[in-house]
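Work out the full structure: start from the sequences and follow the hints.
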Amino acid sequence: MTVLRQESYKLFVKRGFLFLVLLLLVFDLTVTAVDLKASVTLTQPSFLVYKEYIEKYKGEVTDEKMQQINDIRIETELIYENKQKIQEKYKNNSISRREYEEKIAEFNKYESKTEGINAFLSVADTAWLNETQIMDNTGWNVLLNDSSIDLATVIIVISLVILLCIYDIETGIDYMKLSTVKGKSILLKSQLTIIISFSVFIGLFVSLAKYLLVDLMYGLDSSSFSLQNIAGFEQATKDISILSAYALLGAIKTFGLIFLGIITFTIGIFLSSSLYSAFFSFALTYLPAYILRDKRLLYFLPFPSAMLIGKGWFVSLISEGDTYFAEISTNEMIGYFLLMSLVIVLLIIVSMRYKLKGRTKL
Amino acid sequence: MKALISGELKKIFSKKIVIIVAGLLLLINVFNIYYSVVDSSDYWLLKEAEDKICSIAEGEITECKVKELVDYRDKMFNANENNEKIETILETPLSDYYIAERIVGKLTAIYNYASSIERLKEDVLIQKDILDSKNNPYLIRVNEKIENVYTQRQITSFYNTTGYEKFFSYNFSSFLIILVVILGVSTLFSGEKEAGMLQLNLSTVNGRIKLTAAKLIACAVFSVTMGLLFYISDYIVFSNITTMNGLNLPIYSLDSFSYSPVSLSIGAFVFFTTAIKIFGVVYIAIIAALFSSVLNRSYIVLAVSFVYVFGLMYITAYSAETMLYINLINPINLLTCTKMFETFNVVDIFKYPIFRYSISLITSSFFISLILLVVFVLNNKSSKKVIK
Chain A
0 MTVLRQESYK
10 LFVKRGFLFL
20 VLLLLVFDLT
30 VTAVDLKASV
40 TLTQPSFLVY
50 KEYIEKYKGE
60 VTDEKMQQIN
70 DIRIETELIY
80 ENKQKIQEKY
90 KNNSISRREY
100 EEKIAEFNKY
110 ESKTEGINAF
120 LSVADTAWLN
130 ETQIMDNTGW
140 NVLLNDSSID
150 LATVIIVISL
160 VILLCIYDIE
170 TGIDYMKLST
180 VKGKSILLKS
190 QLTIIISFSV
200 FIGLFVSLAK
210 YLLVDLMYGL
220 DSSSFSLQNI
230 AGFEQATKDI
240 SILSAYALLG
250 AIKTFGLIFL
260 GIITFTIGIF
270 LSSSLYSAFF
280 SFALTYLPAY
290 ILRDKRLLYF
300 LPFPSAMLIG
310 KGWFVSLISE
320 GDTYFAEIST
330 NEMIGYFLLM
340 SLVIVLLIIV
350 SMRYKLKGRT
360 KL
Chain B
0 MKALISGELK
10 KIFSKKIVII
20 VAGLLLLINV
30 FNIYYSVVDS
40 SDYWLLKEAE
50 DKICSIAEGE
60 ITECKVKELV
70 DYRDKMFNAN
80 ENNEKIETIL
90 ETPLSDYYIA
100 ERIVGKLTAI
110 YNYASSIERL
120 KEDVLIQKDI
130 LDSKNNPYLI
140 RVNEKIENVY
150 TQRQITSFYN
160 TTGYEKFFSY
170 NFSSFLIILV
180 VILGVSTLFS
190 GEKEAGMLQL
200 NLSTVNGRIK
210 LTAAKLIACA
220 VFSVTMGLLF
230 YISDYIVFSN
240 ITTMNGLNLP
250 IYSLDSFSYS
260 PVSLSIGAFV
270 FFTTAIKIFG
280 VVYIAIIAAL
290 FSSVLNRSYI
300 VLAVSFVYVF
310 GLMYITAYSA
320 ETMLYINLIN
330 PINLLTCTKM
340 FETFNVVDIF
350 KYPIFRYSIS
360 LITSSFFISL
370 ILLVVFVLNN
380 KSSKKVIK
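Protein sequence lines, in the order shown, are assigned to chains A and B. Letter 208 of the first sequence, counting from 1, is numbered 207 in numbering that gives the first Met the number 0, and no numbers are missing. Letter 228 of the second sequence, counting from 1, is numbered 227 in numbering that gives the first Met the number 0, and no numbers are missing.
In case anyone wonders, no lab produced these hints; they're calculated from the structure. From the three backbone atoms N, C-alpha and C, an ideal C-beta is built for every residue, glycine too.
Covered stretches of chain A (chain B as the covering partner; in silico rule of three or more C-beta atoms under 8 Å from a C-beta of chain B):
1) 150-164
2) 274-281
3) 286-294
Some, not all, of what chain B presents toward chain A, calculated at C-beta under 10 Å:
4) F30
5) N31
6) Y34
7) F171
8) S185
9) G190
10) E193
11) S297
12) Y298
13) I299
14) L301
In structure tokens, the structure reads:
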């Protein structure tokens, strides 16, 4: 326990890891907030109107609801028609400029309202066509439809491993530590415990923080609705709610971070260089994601990329150029994660044996 | 000085791991190009058919050649309609018809290019009259520029240029070059600091300005070498697996560049854009060198450089227009410069429209000079400290 506490103190306080984590988390959440802001094209008043209508008609699209929605559509169209009529009257000199400006100003007051209503009508039409439910998926879209790898968490995990273990190996302190009584039995285990537990913490924390941020900014309603209600997941066959899918995605990404941590640890032990272990871990994470973007093969390779992207595990059809491949089934998912767990265990055993062998030689 | 530069170059190029990584990434790049272009099992068959049909009309555009191509298309269409058995390049007349139809479409666009440009210029003249009355000097100048740029444009020949479109839109190699360059440059100054050599080096006679200059020159040479290696390999692979005829055609004969502000030949455009891309690579390498001179640990230099590059990529992808002025100094825009030449893209500089690529090149050069100056000042300060 003392070794664990001392290693944690060395990492977080002495080597400034805590500061780095805070900095990268702020960066990460800012990017999410910017993404979210960019995805909402409506103005604040229009968005409030849109939300109000969504709240009123949320859920199954019934014939009765659709009738009411069509009435709203007719009313909105009527407003536009009246506006056009007034513009024409003004062009034909049937009304004075003052009269025209007064009436147009009145219409413009409704402009934000009609923008919000139009956005709502588009959601309702999509729900009607796809036989899904009416809901606001602005926030969920940002959280679930993101197919990029979270750079901040990747750098946090790689830095964690480097500052905790590789730095010591590179500077030679490691040999001194490993030749002590506690170093032999506890040190590597303590370091691995910190890598795994902090990866779990950062993975879950980032998922939760992003959830809270999006909820605070635009609200995350209808979390109990099925995943098929989110654009891009309409054809998904997995019977899962939106919230459960997000939680599972968080767990998958966390597993990906653990995998990344162990890969960095192994590379660092073999190459004894913080620069090269950072480079190769980074390349092994990003290159497969760039080369095999949207390809089913990515979800069967022993790289952290697929786990850190996450989205593809739930998408029904993965596009590969012009062709499409069936979604990754639950059994395939279970098989892959069991295999990856085995790979993690193997990497740990191999790197620990290599390291301890080096100490014995010393 | 020569000895210093060659010493620094040796340092970078003698790192086995950098050379291995460069080789591996080069291989990955070749495979990636191959698999992204050869995306179906009948790719070679389709390419051969396209080459054969294109050869009917290749060379100077004449009515006779156009007629021959149109006749071939109609012949295939009729054969398919009447279920006739005729000699075809692909398995069925319908497949031949689809390819011929596409080529006829391209040829028609090229044939009508001069008239479409004339229409554009007429629109500009009408606009100019309106703007003259509104007295907006900037927009008047923009219209004048459009008129000048698109004057005397015509395409007189037709060649199968399918490969160029793919070649110019391929940017993955730039990402790989960035990876290698950052790996190679990360240790430029910080590696010396880690080994405790920098203080020693800076305290020597040659250690102040000359050593810093040698390191920066070596960094630029390394980046240029990597850039050339990858971009030349891109060209070789693309020219082997796609059809890239008509190197002398003007760049605006390609679909995506029909309204390009430059009137270079395709061959000259390949050289020009490659040079800009390499300039972008050097720009990124100099930034990494700056990080290396500021930070003490190489892996931190690597991480910071990656965050910086990814941030720039993010800005390029999501806010190309909203962050226009930041994008003018963004090296990623230089690496993806072919995009800048697709349309008439000008920036308002004191009411004068200047081409975006010119501004990008000027501002980037200014920034590189500024970064170099900062690196020199930082190293000079450190050496003064050492001497004290």
